[in-house]
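Sequence lines, in order, name chains W and R. Using the numbering used here, read the first sequence as starting at 1 and increasing by one per residue. Using the numbering used here, read the second sequence as starting at 1 and increasing by one per residue.
No lab work stands behind these hints: they were computed from the structure. C-beta atoms are modelled at their ideal positions from N, C-alpha and C, and glycine is treated no differently. Worth double-checking, as some hints may not be accurate.
To be verified - These stretches of chain W come out as covered by chain R in the derived footprint (C-beta under 8 Å, 3 or more residues):
1) 28-39
2) 89-99
3) 144-150
What the hints assert, rightly or not - Here are the computed distance ranges between Cβ atoms for each label pair:
4) W/Ile10 <-> R/Gly250: 58 to 66 Å
5) W/Glu55 <-> R/Trp106: 56 to 64 Å
6) R/Lys84 <-> W/Ala165: 45 to 53 Å
7) W/Glu172 <-> R/Ala167: 50 to 58 Å
8) W/Arg7 <-> R/Glu239: 33 to 41 Å
What the hints assert, rightly or not - Stretches of chain W that chain R covers, calculated by requiring three or more beta carbons in the stretch to come under 8 Å of a beta carbon on chain R:
9) 119-128
10) 257-265
11) 273-284
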Amino acid sequence: MVRFIVRRLIGMVIVLFVVSVLVFLIFNVIPNSPPAQRLAGKNATPTLVKSIEEEWGFDESLPEQYVTMMKKVFTNELISYSPRVSVEDRIKEGIPATLSLAIGAGLIWLFWGMVLGYIAAVRAGGWLDKFLTGFAIAGVSIPVFLIGPVLIYFLTYKIELLPNAGYVPLTEDPWGWFKHLILPWTTIAILSIGFYSRVLRSNMLDSMNEDYVRTARAKGLSERQVMLRHVLRNSLIPIITLFGLDFGATIAGTALITETIFSYEGVGYYAAESIAKLELPPIMGVTLYGAFFVVAINACVDIAYAYLDPRVRLGTSAA
Amino acid sequence: MTIDPQPEAVPVAGGPGAAFPAAPEGVSPDRSPWYLAYKRFVRNRLAVSFLGLFVLIVIFVLAAPIWADNVAHTGPNESHTLQKLRVGDEVREVVTPEGRPIGPQWFEAGGKFFLGADSRLGRDEMVRLMYGGRTSLFIGVVSGLITTLVAVVLGLLAGYYRGWVDAVIARILDVLWSLPVLLFGIALGVSLAVSGLQIGPLTIEGGSNWIPIFVISIFTVPYVARPIRGEVLALGEKEFVEAAVAQGAGPLRVMFGEILPNLASTIIVFFTLNIANNMLFEAALSFLGAGVQPPNSSWGTMISVGEELLTTQPLLAIIPGVMIMLTVLSLNIVGDGLRDALDPRSKVRLEAHAGMVEPEGASV
């Protein structure tokens with residue numbers, strides 16, 4: 001197990017290095033114009049461009065430029081140029097909002113996915129089962145930027161049931177925090193519920209044919225106990241793995257869009273704001289931190305999975 | 001496993017000729033596998049009706065110039081801010097002095113401003129919807145073609161040569177797979193939109209639609225290449241490959257003549273699902289401003305423009321969203337239907353395809 005963790009952590013460090021090199025290439029090398037001009041943004045004055053050029057050392061060799069970039073990222077020197085504020089500070093400000101959004105949405109879709117998937121498996125072939133199939137395929141086809149505006153229009157403007165914009169810190173006003181989050185949570189969660197319930201259902205149907213389930217029935221456990229203790233428990237491992245991956249993807253993906261739709265001041269809103277101004281340092285910062293976060297989560301998921309399923313760390317299946 | 005003697009080029013959907021898993025027993029052997037797949041697909045009413053819906057959407061966007069010239073008499077990027085619209089005896093302003101655009105006119109003004117105007121710029125929403133759909137579909141299909149082409153070549157090379165070639169390709173795919181795709185898409189999209197791209201002699205301007213195509217193609221390759229590589233690895237062990245090698249066929253001949261035709265059904269299914277996924281990706285990028293750049297419209301940019309007027313003109317944001325949903329939904333259902341028709345023994349249905357759009361599309 002220790003060897004597996006060490007190996008996985010070394011892999012993570014390599015991926016993080018590749019990620020940082022990719023970000024460097026994306027911002028400093030691949031595009032087709034002087035990098036200082038680009039970092040300064042659309043309406044930069046020549047003096048600003050000149051100062052950025054010196055500050056970032058764009059006349060030096062590429063490896064030196066890479067080191068300069070990484071230094072800036074880790075010493076809180078990455079600054080957005082209009083207004084001139086530290087990117088890292090802005091990202092830190094947004095993290096509580098983004099985490100509230102992603103964790104809450106994740107718990108909602110996990111909970112409903114499990115409940116509906118469980119019922120669908122117990123009553124395979126019933127109407128709920130058929131409905132979930134459709135629900136799942138709709139879930140991968142409907143974009144959040146359709147659900148979000150529809151929810152806002154009907155629930156916020158038409159019947160004024162829920163507030164729209166903004167993030168209210170949990171510590172200041174828990175009820176306001178909750179009310180402001182219901183719509184964004186729903187927007188993200190509703191798309192994944194169908195898919196998760198389908199996965200749980202098919203896992204459960206597979207485990208129902210296993211020998212240990214027959215044994216459990218044979219020793220006289222009630223149907224409910226067989227289902228909950230044996231079938232459900234053994235079907236949860238893949239769901240948890242999937243959840244870890246999707247959770248990372250939500251933070252670095254769906255949450256960005258959802259925050260923009262709801263004018264919800266998290267990291268994604270900050271990123272979208274910077275895109276609109278075509279300001280590159282904040283986007284560089286968000287990409288790097290977001291990627292680090294996702295890669296770290298994926299590594300944790302792998303380690304947790306290896307802990308739960310010894311076959312993985314021994315390399316006998318699904319490496 | 002029956003092997004067709006003539007290794008034709010990649011067959012199109014329903015086209016005859018390629019090798020295919022053996023026909024189920026009890027079916028007359030003179031029917032080609034493609035014909036049988038076609039029969040199975042036609043029996044799937046849901047998939048056929050959604051294929052019809054997709055065709056309707058394609059016709060709709062292709063008719064854009066006809067509508068623009070003959071009905072709306074305007075172009076997608078033409079501004080009508082200060083103009084007035086005569087409806088019967090009434091004169092309506094396209095954009096009110098407060099900057100509020102006109103709502104849907106349906107056929108009251110002879111089809112002009114059928115869905116109203118898009119913003120204070122006073123552009124015809126219907127015309128933009130049709131042209132925007134062209135952009136969205138074009139980006140989806142072209143990036144799907146590029147992704148599939150690159151993925152097939154990488155999958156064939158990795159699966160056929162194994163060893164260090166496979167190790168290198170598989171590692172690259174793994175790293176790409178583990179990246180947060182939307183974040184990197186945004187980074188690359190914005191960075192290139194500011195300054196354009198130069199690949200050898202080829203220069204792409206910052207505002208060009210080829211930039212989102214390029215970005216999307218790069219980041220979706222692993223989702224197609226990984227399953228194809230797996231399949232090539234499995235096919236490489238089959239007797240017919242051994243037989244071809246024994247007959248003296250070179251690596252290219254084996255890869256493209258023997259293995260590729262056996263991948264045809266997988267490629268068709270993944271291509272269809274990939275287009276759907278890419279369209280969602282494009283819409284997300286464009287919605288955030290990192291995809292299609294103004295003044296060009298795509299369904300994604302139209303939603304972000306329309307969202308600002310959500311309180312007064314909700315249709316401006318909702319209609320393009322519905323169009324994206326219908327297109328992606330029909331592609332997903334057709335893709336699922338194709339999978340069922342082409343590979344009836346396949347146990348993985350929705351699960352597998354959601355795995356393909358994962359981690360991006362499953363949640364976007």
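Under 8 Å between beta-carbons, do enough residues of the stretch 28-39 of chain W, three at least, approach chain R for the coverage claim to hold? holds (count 6)
8 Å C-beta test of the stretch 119-128 of chain W against chain R, three or more residues: violated (count 0)
Please verify the coverage claim for the stretch 144-150 of chain W: does it have three or more residues whose C-beta sits within 8 Å of some C-beta in chain R? holds (count 5)
Can you let me know if the beta-carbon spacing of W/Arg7 and R/Glu239 is within 33 to 41 Å? 37 Å, holds
Looking only at beta-carbon atoms, does the pair W/Glu172, R/Ala167 fall within the given range of 50 to 58 Å? 53 Å, holds
A range of 58 to 66 Å was offered for this pair. Does it hold for the Cβ distance of W/Ile10 and R/Gly250? 39 Å, violated
Counting residues of the stretch 89-99 of chain W whose CB is closer than 8 Å to a CB in chain R, do you get three or more? Violated, because only 0 residues of the stretch 89-99 of chain W bring their Cβ atoms closer than 8 Å to Cβ atoms of chain R.
Do three or more residues of the stretch 257-265 of chain W come closer than 8 Å to chain R, measuring C-beta to C-beta? It holds: at least three residues are needed, and the stretch 257-265 of chain W offers 3 whose Cβ sits within less than 8 Å of chain R.
Please test the hint of 45 to 53 Å on the beta carbon pair from R/Lys84 and W/Ala165. 35 Å, violated
8 Å C-beta test of the stretch 273-284 of chain W against chain R, three or more residues: Check passed, 6 qualifying residues.
Mind checking the hinted window 56 to 64 Å against the Cβ distance between W/Glu55 and R/Trp106? With a Cβ separation near 57 Å, W/Glu55 and R/Trp106 satisfy 56 to 64 Å, so the hint holds.
Hint check: violations occur at hints 2, 4, 6, 9; the rest are consistent with the structure.
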